[in-house]
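Engineer: The residues making up each chain are set out below.
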Amino acid sequence: MTRWPMLLALLAVALVAPTVVYPVLLMTVLSFIVFACSFNLLLGYAGLLCFGHAMFFGGAAYVTGWFLKTTGASIEIGILVGGLSAAALGLLVGLVAVKRSGIQFAMITFAISQFVYFVLLQAPFTGGEDGLQRIPRTALLGVVDVSKSGSLYYVVLGFTVLAVLFFYRVVHSPFGEILKAIRDNEARVESLGFRPERFKLIAFVISAGMAGVAGGLKAVAFQIATLTDVSWTVSGEVILMTLLGGLGTLAGPMVGAVIIIGLNDFLSQFGEWSLISQGVIMLVVIIFLRRGVVGEIDAFLRRKKVAPAR
Amino acid sequence: MGTTNAPAGAGDFALEARGLTKVFGGFAAVKDVNLAVRRGAIHALIGPNGAGKTTCFNLLTKTLQPTAGTILFEGEDISALRTADVARRGLVRSFQISATFPHLTVLENVRVALQSDYGRAYQFWRSLKAVEPLNKRAMQLLEEVGLAGSAHLTATELSYGKKRAMEIATTLALEPRVMLLDEPTAGMGHEDVEPITDLIRRAAQGRTVVIVEHNLSVVSSLCDRITVLQHGEVLTEGTYAEVSTNPDVVTAYMGGVDES
Numbered sequence: 001m002t003r004w005p006m007l008l009a010l011l012a013v014a015l016v017a018p019t020v021v022y023p024v025l026l027m028t029v030l031s032f033i034v035f036a037c038s039f040n041l042l043l044g045y046a047g048l049l050c051f052g053h054a055m056f057f058g059g060a061a062y063v064t065g066w067f068l069k070t071t072g073a074s075i076e077i078g079i080l081v082g083g084l085s086a087a088a089l090g091l092l093v094g095l096v097a098v099k100r101s102g103i104q105f106a107m108i109t110f111a112i113s114q115f116v117y118f119v120l121l122q123a124p125f126t127g128g129e130d131g132l133q134r135i136p137r138t139a140l141l142g143v144v145d146v147s148k149s150g151s152l153y154y155v156v157l158g159f160t161v162l163a164v165l166f167f168y169r170v171v172h173s174p175f176g177e178i179l180k181a182i183r184d185n186e187a188r189v190e191s192l193g194f195r196p197e198r199f200k201l202i203a204f205v206i207s208a209g210m211a212g213v214a215g216g217l218k219a220v221a222f223q224i225a226t227l228t229d230v231s232w233t234v235s236g237e238v239i240l241m242t243l244l245g246g247l248g249t250l251a252g253p254m255v256g257a258v259i260i261i262g263l264n265d266f267l268s269q270f271g272e273w274s275l276i277s278q279g280v281i282m283l284v285v286i287i288f289l290r291r292g293v294v295g296e297i298d299a300f301l302r303r304k305k306v307a308p309a310r
Numbered sequence: 001m002g003t004t005n006a007p008a009g010a011g012d013f014a015l016e017a018r019g020l021t022k023v024f025g026g027f028a029a030v031k032d033v034n035l036a037v038r039r040g041a042i043h044a045l046i047g048p049n050g051a052g053k054t055t056c057f058n059l060l061t062k063t064l065q066p067t068a069g070t071i072l073f074e075g076e077d078i079s080a081l082r083t084a085d086v087a088r089r090g091l092v093r094s095f096q097i098s099a100t101f102p103h104l105t106v107l108e109n110v111r112v113a114l115q116s117d118y119g120r121a122y123q124f125w126r127s128l129k130a131v132e133p134l135n136k137r138a139m140q141l142l143e144e145v146g147l148a149g150s151a152h153l154t155a156t157e158l159s160y161g162k163k164r165a166m167e168i169a170t171t172l173a174l175e176p177r178v179m180l181l182d183e184p185t186a187g188m189g190h191e192d193v194e195p196i197t198d199l200i201r202r203a204a205q206g207r208t209v210v211i212v213e214h215n216l217s218v219v220s221s222l223c224d225r226i227t228v229l230q231h232g233e234v235l236t237e238g239t240y241a242e243v244s245t246n247p248d249v250v251t252a253y254m255g256g257v258d259e260s
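Here the protein sequences line up with chains A and B, keeping their order. Heads up: the first sequence at position 242 corresponds to 242 in my numbering, and the numbers run straight through without jumps. Heads up: the second sequence at position 25 corresponds to 25 in my numbering, and the numbers run straight through without jumps.
Bound-form chain A, shown alone (with noise of 0.2 Å):
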């Protein structure tokens, strides 16, 4: 209840954020929060830590793109077209992958994406080591149109407010409450009834199509799906994100999206400073914030709370 206002405050700043800030960084920004939220849903509700979740992100992006080249469809359909190819590929990832948990699982992640990024590099529709590029703004339902970054950026935060509700739904559903025992407890889940690997792979095509309606921002944003998207660092940059914001909150993953995007623009003056300073800000975080940026200020408010009561 007391969050309202803090959320609409924030839906405020995002609304004017284009007047401060360039547009195509705010789509970053805001396509690596739906994106970080994704795997947080996997990591953070459902125990499990996707070690490849660039593939749908970054193979989403290439979808989103090919298909507007190809089709000329309105931008949302566009988006959504990547999303769903991303849960397709999710629900295969998911039917290997989610009987196996913790390193296995994420070992297993790892070499479909890595699989997944040889055949995107070879395949013939997404341009080798150049990319996809010249990926259209096509109108907003085919009507509106969103080919200035200033009027893309709407669309993005629109998509981007719908992934989080959406989010917040999935966690705070009767399968969310499920998921999360799954996370706590598997072997006791099982012995009540409930078949745990179909939750976790529920779980695994959300998580995969969110991920991939993030991708599908970024390609909008961009107009032009790379290969970077869909590499390995991608799929680590998203496992810092998530914990460095806090794990298993709804907000950590956005905060952790801003912090590292911010950081990644700021610092690529220096160069390689970026890659140096994400080592350093994981130290940081490992040693210092184990409950991420959001755990450790829920925990402080927390005790805060408890103290004059004692």
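The set of hints was computed from the structure by calculation and includes no laboratory data. Treat the numbers as computed from the prediction; the structure is a model and nothing was measured. Every residue gets a Cβ at the ideal spot worked out from N, C-alpha and C, and that includes glycine. Be a bit skeptical, because a hint or two may be false.
[Claimed, not checked] A few chain A residues that don't get close to chain B, going by computed Cβ distances all over 10 Å:
no.	residue
1	Asp130
2	His172
3	Gln269
4	Ile276
[Stated by the list, open to error] Computed beta-carbon distance windows for the label pairs:
no.	chain 1	residue 1	chain 2	residue 2	range
5	A	Met282	B	Gln65	41 to 47 Å
6	A	Leu275	B	Asp85	49 to 55 Å
7	A	Leu11	B	Gly149	37 to 43 Å
8	B	Thr67	A	Thr71	55 to 61 Å
[Unchecked claim] If you want the footprint, here are the derived chain A segments under chain B, 3+ residues with CB under 8 Å:
no.	region
9	173-183
10	186-199
Given the coordinates of chain A, work out where chain B should sit on it, guided by the hints.
Structural biologist: Chain B in isolation, oriented as in the chain A frame:
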């Protein structure tokens, strides 16, 4: 308590094991165990460390697949089924290590179990209002185990004894016909043992209970029937009075410097 007036015949036994064997890499942890648990009884599996109690328990609950032998639940062969399947049929286990969902509230812990039969567990598009009708039953169950006042605490905040009580409420939520309890008083302080024993006695009303337990005073006060295992085999079976005076059992326990 425990004796029922169910009709005689095959239906007398809620749970049966015939020739149950489990081999781990050449080592037979359980060898040709025959066990028949009478409907409505509280039946204990005891034995020195390494006797195969836990393996036997895990076989009965379908957590492990037997190498040989069959398991019958109310006359139906469940040897090839999985834990989740037998749970839906009414054979539900508890765990030795506290089996809670630490990040969920006490109410949610019980509600998860109630969702098992509610048909909305896969609905990720609906709000939690969809399962709120279950709260009433969950509160009832929590009241039965004396946890109604703690319903909105996170499970980690409960004391060890209360966690076990919550687990029992969670198990009862499935309305099991057979409950399998794995060392329900393990690691518990004296002050907690008595209330949990009482709780199990109440929970056993109208049910069959199989229990693996170290604490012999709990076994003596609670159980109608006791099977003693040693080296993976059944040593003897009987009432507490019979079993505790059996010279083989005494030797097994006294000389019981068994591998653990």
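Engineer: Minimum Cβ separation between A/Asp130 and chain B greater than 10 Å?
Structural biologist: holds, 39 Å
Engineer: In terms of beta carbon proximity below 8 Å, does the region 173-183 of chain A have 3 or more residues touching chain B?
Structural biologist: holds (count 9)
Engineer: Report holds if the minimum CB distance from A/His172 to chain B is greater than 10 Å, and violated otherwise.
Structural biologist: violated, 6 Å
Engineer: In this structure, is the beta-carbon distance linking A/Leu275 and B/Asp85 contained in 49 to 55 Å?
Structural biologist: holds, 50 Å
Engineer: Honestly, do A/Leu11 and B/Gly149 meet the 37 to 43 Å range at C-beta?
Structural biologist: holds, 39 Å
Engineer: Over 10 Å to the closest beta carbon of chain B is the bar; see if A/Gln269 clears it.
Structural biologist: holds, 42 Å
Engineer: Tell me whether the statement that chain B covers the region 186-199 of chain A is true, taking a Cβ distance below 8 Å and needing three residues at minimum.
Structural biologist: Holds: 11 residues of the region 186-199 of chain A have a Cβ under 8 Å from chain B.
Engineer: Kindly confirm whether 55 to 61 Å is satisfied by the beta carbon distance between B/Thr67 and A/Thr71.
Structural biologist: Holds - the Cβ-Cβ distance for B/Thr67 and A/Thr71, about 58 Å, lies within 55 to 61 Å.
Engineer: When you take the CB atoms of A/Met282 and B/Gln65, is the distance between them in 41 to 47 Å?
Structural biologist: For B/Gln65 against A/Met282, whose Cβ atoms are near 42 Å apart, the range 41 to 47 Å holds.
Engineer: Verify that the Cβ of A/Ile276 lies farther than 10 Å from every Cβ atom of chain B, and report whether the claim holds or is violated.
Structural biologist: Per Cβ check, A/Ile276 is outside 10 Å of chain B; nearest 35 Å; holds.
Checked against the numbered hints listed earlier, the structure breaks hint 2 alone; every other hint is satisfied.
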